[in-house]
Amino acid sequence: MAKEIYSRYPMIKYLRKEALPTALCPGCGGGTVLNAFANAVDRLKLDPKDLVVVSGIGCSAWIASPYFLADTLHTTHGRSIAFATGVKVGLPDKKVVVISGDGDLASIGGNHLIHAARRNIDITVILVNNFIYGMTGGQLAPTTPYGAKTTTSPYRNIEHPLQISETVAAAGASYVARWTTAHVYQLIESIKKALTVKGFSLVEVISQCPVQFGRRNRMKEPAEMLRWYLKNSVPISKAKNMSPEELEGKFVIGEFVNRQRPEFVSELNKLIDEVQEHFGLKEE
Amino acid sequence: MIIRGDEPEQIRLIKKLYKPGNYFMQGNEAVAYGAIFAGCRFYAGYPITPSSEIAETMARELPKLRGYYLQMEDEIGSIAAMVGASWTGLKVMTATAGPGFSLMQENLGYAVMTETPLVLVDVQRSGPSTGQATKGAQGDFFQARWGTHGDHPIIALSPTSGQDAFWETVRAFNIAEKLRTPVVMLFDGVLAHTRELVKIPDIEEVEIAYRKLPKNEEEAKLPFGDPHGDGVPPMPLFGHGYFTHVTGSTHKENGLRDVYTPEVHDRLVRRIHRKIEGNRHVYEKYEEHFTDDAEILVVSWGVTARPALGAVLEAREEGIKAGLFVPKTVHPFPGERMRELGKKARAILVPEMNLGQMILEVQRFVNDDVLLKGVNKIGGVPLTVNEILREIRGVA
Numbered sequence: 001m002a003k004e005i006y007s008r009y010p011m012i013k014y015l016r017k018e019a020l021p022t023a024l025c026p027g028c029g030g031g032t033v034l035n036a037f038a039n040a041v042d043r044l045k046l047d048p049k050d051l052v053v054v055s056g057i058g059c060s061a062w063i064a065s066p067y068f069l070a071d072t073l074h075t076t077h078g079r080s081i082a083f084a085t086g087v088k089v090g091l092p093d094k095k096v097v098v099i100s101g102d103g104d105l106a107s108i109g110g111n112h113l114i115h116a117a118r119r120n121i122d123i124t125v126i127l128v129n130n131f132i133y134g135m136t137g138g139q140l141a142p143t144t145p146y147g148a149k150t151t152t153s154p155y156r157n158i159e160h161p162l163q164i165s166e167t168v169a170a171a172g173a174s175y176v177a178r179w180t181t182a183h184v185y186q187l188i189e190s191i192k193k194a195l196t197v198k199g200f201s202l203v204e205v206i207s208q209c210p211v212q213f214g215r216r217n218r219m220k221e222p223a224e225m226l227r228w229y230l231k232n233s234v235p236i237s238k239a240k241n242m243s244p245e246e247l248e249g250k251f252v253i254g255e256f257v258n259r260q261r262p263e264f265v266s267e268l269n270k271l272i273d274e275v276q277e278h279f280g281l282k283e284e
Numbered sequence: 001m002i003i004r005g006d007e008p009e010q011i012r013l014i015k016k017l018y019k020p021g022n023y024f025m026q027g028n029e030a031v032a033y034g035a036i037f038a039g040c041r042f043y044a045g046y047p048i049t050p051s052s053e054i055a056e057t058m059a060r061e062l063p064k065l066r067g068y069y070l071q072m073e074d075e076i077g078s079i080a081a082m083v084g085a086s087w088t089g090l091k092v093m094t095a096t097a098g099p100g101f102s103l104m105q106e107n108l109g110y111a112v113m114t115e116t117p118l119v120l121v122d123v124q125r126s127g128p129s130t131g132q133a134t135k136g137a138q139g140d141f142f143q144a145r146w147g148t149h150g151d152h153p154i155i156a157l158s159p160t161s162g163q164d165a166f167w168e169t170v171r172a173f174n175i176a177e178k179l180r181t182p183v184v185m186l187f188d189g190v191l192a193h194t195r196e197l198v199k200i201p202d203i204e205e206v207e208i209a210y211r212k213l214p215k216n217e218e219e220a221k222l223p224f225g226d227p228h229g230d231g232v233p234p235m236p237l238f239g240h241g242y243f244t245h246v247t248g249s250t251h252k253e254n255g256l257r258d259v260y261t262p263e264v265h266d267r268l269v270r271r272i273h274r275k276i277e278g279n280r281h282v283y284e285k286y287e288e289h290f291t292d293d294a295e296i297l298v299v300s301w302g303v304t305a306r307p308a309l310g311a312v313l314e315a316r317e318e319g320i321k322a323g324l325f326v327p328k329t330v331h332p333f334p335g336e337r338m339r340e341l342g343k344k345a346r347a348i349l350v351p352e353m354n355l356g357q358m359i360l361e362v363q364r365f366v367n368d369d370v371l372l373k374g375v376n377k378i379g380g381v382p383l384t385v386n387e388i389l390r391e392i393r394g395v396a
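Residue numbers (our numbering), protein chains in the order written: chain A, 1 to 284; chain B, 1 to 396.
Rather than coming from a laboratory, the hints here were simulated on the basis of the structure.
Any given hint might turn out to be false.
[Claimed, not checked] Where chain B lies over chain A, by a calculated footprint (3+ residues, C-beta under 8 Å):
no., region
1, 30 to 38
2, 63 to 69
3, 86 to 92
[Unchecked claim] To give a feel for the contact side, a few chain B residues facing chain A, derived at Cβ under 8 Å:
no., residue
4, I11
5, Y110
6, G342
Ideal Cβ placement from N, Cα and C applies to all residues, glycine included.
Kindly produce the complete structure, drawing on both the sequences and the hints.
Dropping the structure here:
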């Protein structure tokens, strides 16, 4: 059986077979994200030996670590981008990718997210936003939609969600895009771009959690959640002409920024060269 | 391989930049130069009094050595970046003070669990909380030992002068590399800001250790194994195609997570303990003065060991048989030696700039019939020779 599956799925070559099957719940969007990431790596013909994947804590942190077959660093809650910063400085020629969830990267790790974008360090972040804390049992997240129910907002959520892509774009990232798990081909293209852009790149993936979020918000079937995404997604070009009231509860999708800015590790190495020159330290 | 700091180019740079000889410098600067001589080429930190001159010196000097200085957004990010960089083969350090040390504790535990070499300098200041930010103290003795959660071993050193700080920093790096473990250095605000004579050696006189790397694919596949029986696994660095998996969760020898099997957790955590306990010869260090015939033993550490020595010298002049024992590696405590010395002493005094911390370690190793007394002072001002001498006379 297992052999049959391995021969049917070409992307399986990118996975750590001894770690399978995954711990993800049936219907989870995490599988789609892993699939899209593997496809992006495959289409770019990247050697997994040139990848270091870093993740934090939570369901989405498991997507690439341990399942993706590369050097993987599974870190403490919220800190994966800071860990990845050290990796990138030490291995500037490798692609350093962070895959983790909204609670991990945008809540406890929000500070590192903003500052990595400001620094514009060449790291690709795939942020899986499922609006909820899945692994701890479905509690309120900073991304939970206004009015939604969770185990710690059993009546309704009175807080307003953080708009992650908008925030990271404003902080200075080189590339920011947002898609949902219902936009798989666009998602693969965006991950490909994010991996090739020199600078900080973020791909936010709105991803279904039928077990913890859907079940409490009248969408216990994964397909219902995907239909909800499709119905409420608004392309960024269209959203520009819409009022905040019209955009309430909608998911703005597309590329937020794609620009060139000085990148941190090259700046750091340029500075080192200048200092070497200034003090006459270069070997004659 | 890419462990930096030992290439001919680095030796050439150090020789060109730092002429051996006597310098007048702060303790903090001595720590920074010790790190540079030990091969540290990555520093990630967040400024905090009284440690900031370490960051400032590293920011100025590291680029000259093709090393990296990063000012992170906070202390948590600093130690996280260090762990990431250490897995790429860089020797890494950060420096902080009490509140920053508190923030670093979770990732210090991560470094223990993932067996990541790093050096964390805690320039102790008065507390709790913000306390006296600019003053020295010795209140983090147990924070170094028990600050992070779970059963874990830790190695902590504590220098007694600027000169000592240079060499103890070198030693901290060597221990971290040899045992693939984080090493804490408990410095203090008084020594950090004291300017005194520090002799910078020739780089050839400095012993520089490097972590054990896997000899073959087989060793590389077991990043948390114990192929040599010393508890220290070879470290497969990132970027070499080993597909290493590193996690702070309980993991098997191959790095993969297993949090369900009791034996796996037991085996991992006990090996990490055995690695530290079983390799005392690598890190155990203490200093003794007049302990051969000492009836009154002074046990002190860090900055306070200096007035303690002054007091012992003066007591000797007065004909009092006083001696001094200074643990330089304070964790794990040199308990065996303490026990031997405790048998000979009639009274033991433990001066420290806190309300009694190391005295509890001393107490574990001495009999009840010994008079054991703390000499404690807080408020940010170091103990004086006279204050300690008075106590010695009191028990003489």
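Hints versus structure:
Only when three residues or more bring their CB closer than 8 Å to a CB of chain B does the claim for the region 30 to 38 of chain A stand; here the count is 0, and the claim is violated. Counting residues of the region 63 to 69 of chain A whose CB falls under 8 Å from any CB of chain B gives 3; the rule of at least 3 is met. Closer than 8 Å: that is the beta-carbon criterion, and the region 86 to 92 of chain A has 6 residues meeting it against chain B, so the requirement of 3 holds. With a cut of 8 Å, the hint placing B/I11 at the interface with chain A is violated, because the nearest CB-to-CB distance is about 12 Å.
Using the Cβ-Cβ criterion of 8 Å, the hint placing B/Y110 at the interface with chain A is satisfied: the shortest such distance is roughly 5 Å. Look at B/G342: its Cβ only gets to about 40 Å from chain A, farther than 8 Å, so that hint breaks.
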